Amino acid sequence: MIGSPNAANAFFPHRHLLGIEALSAAEIERLLDLADSYANLPKDDERARKLLRGRTVMNLFFETSTRTSTSFELAAKRLGADVIAMSVGTSSIKKGETLLDTAMTLNAMKPDVMVVRHNESGAVNLLSQKVDGSVINAGDGRHEHPTQALLDALTIRRRLGKLNGLLVAICGDILHSRVARSNIQLLTKMGAWVRVIAPLTLLPSNIDRMGVEVFTDMKKGLKDVDIVMMLRLQLERMQGAYVPSTREYFRFYGLDYAKLALAKPDALIMHPGPMNRGVEIDSEVADDINRSVIREQVEMGVAVRMACLDALTRNLTGNQ
Amino acid sequence: MTPPSLPPKPPKKQDRPLALVNARLVDPASNRDETGGVLVENGVIVATGAQVTRANVSQDAEIHDCHGRVLAPGLIDMRVQLREPGEEHKETIETGSVAAAAGGVTSMVCLPNTDPVIDDVAGIEFIARRAREVRRVKIYCYGALTQGLEGKDLVEMGLLADSGALGFTDGLYAVRDVQVMRRALTYARSFDALVIQHPEEPGLAAGGAMNNGELSTRLGIPGIPAYAEVMMIERDLHLVRGSGARYHVAHVSTAASVEAIRKAKQEGLRVTCDTAPPYFSLNESEIGDYRTFAKVSPPLRGEADRRAIAAGLADGVIDCIASDHAPHDVESKRVPFAQAEAGVIGLETLLPIALEPYHKGAMTLLAALRCLTSRPADILGLPQGRLAKGAPADMVLLDIDRPYRIDVAKFRSKSKNSPYDGRPVQGLVLKTFVDGRAVFALEGERA
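So the sequence lines, in the order shown, correspond to chains W and Y.
Using this note's numbering, the letters of the first sequence map in sequence onto residues 450 to 769.
Using this note's numbering, the letters of the second sequence map in sequence onto residues 850 to 1296.
Next up, chain W with everything else stripped away, as it sits in the complex (with noise of 0.2 Å):
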């Protein structure tokens, strides 16, 4: 029987794998080992190949995305799923289907893991009370993005073989970014210090509450850190003056060589992209190859989603 979950499944007793919030540093832990071993693996490796063989992987992806559906499209055929890629941003919502119709169409062709993104906050939730199989969560609205913090929480462990008491810094726009909400949830459950930095209208209220220190000004802000995490300001989620001009936000919230120097001399430069060069990041910041691990985040999505595909796909019975 496809799609029952096994709870006796310790390793990662979740069947969905919707936010960092539910996880513990445990289940954080063990993802993290079980990605960094794909991570060092051939991408031909023909034992990952077998692992989820026969098994149909679908990408349900209502906001458009390439990074994050490639990533996951290639992390399920190196586990050897079977992989369907849906846009439905284009297709039946447009004809007005609601979002559980789309589901449960896609649900009848039995998929052991829907891999799904919305722009609503919670809408990935929702979607997985009402299908069979696993949902991960590649995104909702300003919600979480769980694949995200894992696999920026281990670019960063490789780099510095800890998170453990790191001082790292998220900076720009907190309140429209679910990379930054599931960041903080990750790295102060691992035991990492968060600073969040950004002008106040880009923080949402209480923000405090979730366990991280608060800046307004950059340089106070980057004091110290070991890491800097920089966000995407979300041009295309603005609706309003939430800064006045990009000028603006480059000249007090955007990283440059003068601000950078603040933080640690060896401090990371991190980026969930896709960059605004010239609006959050400089352009030879975001090149800087001793300081900057932008690109290998990219590589270690890979990893992450597959560790992710193969712990959720280990409740399923029948696995071969």
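No lab work stands behind these hints, which were simulated from the structure alone.
Quantities reported herein were computed from a predicted structural model and do not represent experimental measurements.
Be aware that one or more of the hints could be misleading.
[Said to hold, decoys possible] To list a few chain W residues with every Cβ distance to chain Y over 10 Å, as calculated: (1) 574; (2) 656; (3) 715; (4) 738.
[Stated by the list, open to error] From the structure, some residues in chain W lie toward chain Y, with a derived Cβ separation under 10 Å: (5) 473; (6) 479; (7) 549; (8) 571; (9) 572; (10) 575; (11) 581; (12) 593; (13) 625.
[Said to hold, decoys possible] With a cut-off of at most 20 Å between alpha-carbon atoms, the simulated SDA-like pairs for lysine to any residue come out as follows: (14) W/579 with Y/1181; (15) W/579 with Y/1140; (16) W/579 with Y/1138; (17) W/579 with Y/1183; (18) W/708 with W/737.
We put the beta carbon where it would ideally sit given N, CA and C, even for glycine.
Please build the complex by placing chain Y on the supplied structure of chain W, with the hints as guidance.
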């Protein structure tokens, strides 16, 4: 203002008088809580009190022994949406009436946000005609304050009031343009018409789907700051002071709103307000994992605000409790939270939730029932809502202490969007009378 012509005409002369005897009469209007009976002739109360007993009424009377249960005026629900005309898949005047009778509601006032909008005499008359046809409970309506609820041009308030509109409101919308609101209040004063406002600064509410705060941050749902409510109320209070109009604030939900209204009342402004059960019985944590049945407008607030609303009811600053009945079909709620329609049904939970403060000892039974009977009647200018000689015999017989769990599956309302399913409550409607006519009787009850 001429008396509203809306309630269906009194029924034909009844063959026999009706005597409800051996009841605990609870009449907030006269502050009475005593054992006695009510004698009804031709749909009108002709006598109440200890002298109405089985022995004292005429031989031909139909006698109904209440076995000591509470007999109170029928509830007056001053804010409901019945979705007819236009959205009959969610509710109709018929299904809403059945639900009301089962909930002990004998009079209700519906909002004009139907399709088409009730902004002309024909709309008012349509509701009146449908109410006559269904003939279960009394149904009134408010007229739109501005044509098409667009916030621009005033409706024909005088004509609508003459046809039976009990007040004027743009329903779920606040009137954004302050000059339009000023003229509306000033013009309404000419007819002494009641103006009802949805208190929410629209600019701050735009795009928001829940209360702004830690929870909205965690869920990634755009928030509406609590102060959006008091800002609108305080803006309007200046206009009320300038115009002398009668102004009613619907469903207040924040501590700051209660304080603003308290001060306005102390100042002597003609201001009243109501709240709805969600605002004193639930808080924002009810949303949990994006539960759309907990999405209402104004949004559920934090615990401090919930307590302030409960306190405002207990100290009387909040005049009334209205159900804010907002039926929605499954498809309007089974969508991502931000896209879901706001509102919950309330006709069949109004009484037990409104009795919670009484059962917790925060309010007397008289005070709790006053918010549901004589206070809304006085604000709306209705003769019912009291067990008094000459008043219409709209009454409800209650088992005030009976414990049970709310079971949405048993609701008569066409929609089932209630946040209270499974909630343990006390206070059960046994029988409902409109103009002396039994419109609801709980199955399997002897009383």
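Each hint tested on the structure:
1. With a minimum CB-CB distance of about 6 Å to chain Y, residue 574 of chain W fails to clear the 10 Å threshold, and the non-interface call is violated.
2. Listed as a non-interface residue, residue 656 of chain W fails to keep its Cβ farther than 10 Å from every Cβ of chain Y; the least gap is roughly 6 Å.
3. Against the 10 Å criterion, residue 715 of chain W stays outside the reach of chain Y, whose nearest CB is about 32 Å from its own CB.
4. The Cβ of residue 738 of chain W lies farther than 10 Å from every Cβ of chain Y, with a closest approach of about 34 Å, so its non-interface assignment holds.
5. Contact between residue 473 of chain W and chain Y, as hinted, is not supported at the beta carbon level, the nearest pair being about 18 Å apart and thus beyond 10 Å.
6. Annotation: residue 479 of chain W was flagged as interfacial toward chain Y, and the flag is violated, the nearest CB pair being 24 Å apart, outside 10 Å.
7. The criterion of a C-beta within 10 Å of any C-beta in chain Y is met by residue 549 of chain W, whose closest approach is roughly 6 Å, and the hint holds.
8. A cut of 10 Å between beta carbons decides the hint on residue 571 of chain W: the least distance to chain Y is about 3 Å, and the hint holds.
9. At its closest, the beta carbon of residue 572 of chain W sits 4 Å from a beta carbon of chain Y; the interface hint therefore holds under the 10 Å criterion.
10. The criterion of a C-beta within 10 Å of any C-beta in chain Y is met by residue 575 of chain W, whose closest approach is roughly 6 Å, and the hint holds.
11. Because the smallest distance between the Cβ of residue 581 of chain W and any Cβ of chain Y comes to about 18 Å, over 10 Å, the interface hint for this residue is violated.
12. Interface hint status for residue 593 of chain W: upheld, as the beta-carbon distance to the closest one in chain Y is roughly 7 Å, under 10 Å.
13. The closest approach between the C-beta of residue 625 of chain W and any C-beta of chain Y is roughly 9 Å, which is under the 10 Å cut-off, so the hint is satisfied.
14. As the CA atoms of residue 579 of chain W and residue 1181 of chain Y are separated by approximately 17 Å, the hinted pair is consistent with the 20 Å bound.
15. Among the hinted pairs, residue 579 of chain W with residue 1140 of chain Y is consistent with the structure: their alpha-carbon atoms are about 15 Å apart, no more than 20 Å.
16. For a cut-off of 20 Å, the pair hint linking residue 579 of chain W to residue 1138 of chain Y stands: about 15 Å separates their Cα positions.
17. For the suggested pair residue 579 of chain W and residue 1183 of chain Y, the alpha carbons sit about 11 Å apart, so the restraint of at most 20 Å is met.
18. Of the pairs offered as hints, the one joining residue 708 of chain W and residue 737 of chain W holds, with about 15 Å between alpha carbons and a cut-off of 20 Å not exceeded.
In summary, the structure is inconsistent with hints 1, 2, 5, 6, 11 from the numbered list given earlier, while agreeing with the others.
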